[in-house]
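*Asks:* Taken in order, these protein sequences are the chains called A and B.
Under our numbering, the first residue of the first sequence carries the number 32, and numbering increases by one thereafter.
Under our numbering, the first residue of the second sequence carries the number 173, and numbering increases by one thereafter.
Keep in mind that a hint or two might mislead.
Only part of the chain A face toward chain B is listed, based on derived beta-carbon distances under 8 Å [as the list claims (entries may be wrong)]: (1) G164; (2) A292; (3) A300.
No farther apart than 25 Å at their CA atoms in a straight line, the calculated lysine-lysine pairs in the DSS-like style are these [said to hold, decoys possible]: (4) A:K178 / A:K282; (5) B:K309 / B:K383; (6) A:K72 / A:K206; (7) A:K178 / A:K72; (8) A:K310 / B:K309; (9) A:K185 / A:K310; (10) A:K310 / B:K383; (11) B:K287 / B:K309; (12) A:K310 / B:K287.
Hints listed in this document are in silico derivations from the structure and should not be mistaken for laboratory results.
Because the structure is a prediction, the values reported are computed rather than measured.
We treat Cβ as the ideally placed atom computed from N, Cα and C, and that holds for glycine.
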Amino acid sequence: MAAHNLEIRRSSASLWGGATGMRQLPVVSKFIDTTTCIGCKACEVACQEWNDLGPVSTRQTGTYQTMPELDPEFWNLIRFNEQEFDGGVVWLMRKDQCMHCEDPGCLAACPAPGAIVQYENGIVDVNPEACIGCGFCATGCPFDVPKFHAKTGKMAKCTLCVDRVESGLEPACIKACPTGCLQFGTKDDMVAMGHARVEQLKANGFANAVLYDPPGVGGTGVVTVLGHGDHLEWYGLPRDPRVPLGVRFWKSVLRPLGVVAIFGAVVGAIGHFMYQGPKEPPQTGGEPTGGEPPRTPRP
Amino acid sequence: MSATASRPPADSAILRARRSEDVVVGDEIVRHRLATRAIHWTVALFFFLALFSGLPIWTPVFGWMAHLFGGLNVCRWLHPWAGLAFFVSMLVMFVHWLGEMRLEPNDREWLRPRKMIEYMRYQGEDPDVGKYNGGQKLFFFAAALGALGLLLSGVVVWFPLEFPRIVRELAILIHDVTFILFVVAVVFHIYLGTAAEPGTFHSMIRGTVRKPWARLHHPRWYREVLGGKTRRP
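Construct all of the structure, not just a fragment, from the sequences and the given hints.
*Replies:* Written out as structure tokens, the structure is:
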């Protein structure tokens, strides 16, 4: 989904010159309050409709979850989990989709110029025409979000409805939410709303309530209020997501070193030839007779 | 030095001799028979096909190479297959050359960097160098090992969604390190085989070397061939 009215802040596999932004746009964010989500899945349907996806068959695994994982044609999934807590049972529902990281691991890992871009407003998007479907972004993503679409040979994920957002509309999932547990606005506003809600929860018996906005990836474009912040695994969220060390090391150490090594080898060979010259048999004619190797002139 | 000037006339006995290895033909010695050369160049072809289709995926510095094949999408498809063909041809070459590449006691010297520097300074001539010197043998085994490493890590990178995350990350790093070392080694391999040691390239094209070349670079092999102790692999 290429947005043509949005300036680009970062572009994959672009050494420099990836940014086109003349104007600074406020960074946008989704707000998800898992404590008021009723699991109605209106957001799932709205996502499918707006993005012309699916229909995708549901795959039941014994819970209310539509399918076990995100799918190349299913970008918005309510994860359902049942946990024993405080002598009773809690139902946990978390809306899972691309987190639109401030420091996107997918973008860092992507080898195709411009296949993954981050717009000035923070939205991270896949450009199908530039994507080569190598799947490196899936290795770079700490949330395991990008999925390979076998039919197109491209990677697919939530676009944060960039085509709606650039026209001043809220994402389809937000629009469809009946309880108001999904909100959309500037990152600053959403974080403020999140902290206010966390305080409210803490005052009402959820001592471990947190706002999930992991700093390891520079924060995310989706901030999530969790009632049980001490049990991130209940929600299927990583504790300290980061761009994988291997991807970082590969891109920022190995790659520049390798380029220098390869060009260095060529320069070294040329230098050797200029300094030392070729190793040739003596030019005196005649049939050599002895077994001793002839001496070579040295500089 | 090109041996074109002293090319022998088309004599059936000479043509037959050129099909075997380590035999004297006129002023020249047959070093690589046709099969050897064909195998070597097949490996080289697939190596460069894989290299030039892989480099643009590796870094945008070499992004222009993608245009040689019709774009990055073609590279993404071509690179793994070219790599697979490279490995298979390397396997054939490994079996073909293994007998001649057995390491001898004096080849161990080459494991020391000082020996390599001496060699590049044309010092420390060893009269006991056979058909291949220690450096060539080490390159042979290193290339075979590198090809195996590239294959194993390459398969993971080829089908990333089939492997766990940590394996994928490791595979990318192994693929990267191996190919960088491989390319640096190949740059020197090409340099030594062409500009640095005239006559060597001819041996891989027409198969023959001139006697002075053989006496300079591979004195023991030279003595063996002239002494009639021809080995046929």
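*Asks:* Indicate, hint by hint, whether the structure satisfies it.
*Replies:* Here is what the structure says about each hint:
Taken as an interface hint, A:G164 checks out: its beta carbon lies about 7 Å from the nearest beta carbon of chain B, inside 8 Å. Proximity of A:A292 to chain B holds as hinted, the smallest CB-CB distance being about 5 Å (cut-off 8 Å). Contact between A:A300 and chain B, as hinted, is supported at the beta carbon level, the nearest pair being about 4 Å apart and thus within 8 Å. Between A:K178 and A:K282, the direct Cα distance comes to roughly 22 Å. Compliance with the 25 Å bound is thereby established for this hinted pair.
This hinted pair checks out: B:K309 and B:K383 have alpha carbons roughly 22 Å apart, not beyond 25 Å. Note on A:K72 and A:K206: the hinted pairing holds, with a Cα-Cα distance of about 12 Å set against a maximum of 25 Å. About 21 Å separates the Cα atoms of A:K178 and A:K72, which keeps this hinted pair within 25 Å; it holds. Between A:K310 and B:K309, the direct Cα distance comes to roughly 20 Å. Compliance with the 25 Å bound is thereby established for this hinted pair.
Of the pairs offered as hints, the one joining A:K185 and A:K310 is violated, with about 52 Å between alpha carbons and a cut-off of 25 Å exceeded. Taken as a hint, the A:K310 and B:K383 pair is honoured in the structure, with Cα atoms around 15 Å apart against an allowance of 25 Å. For the hint pairing B:K287 with B:K309, the CA-to-CA distance comes to about 14 Å; that is within 25 Å, so the pair holds. Between A:K310 and B:K287 the CA atoms are separated by roughly 16 Å; this keeps the pair inside 25 Å, and the hint holds.
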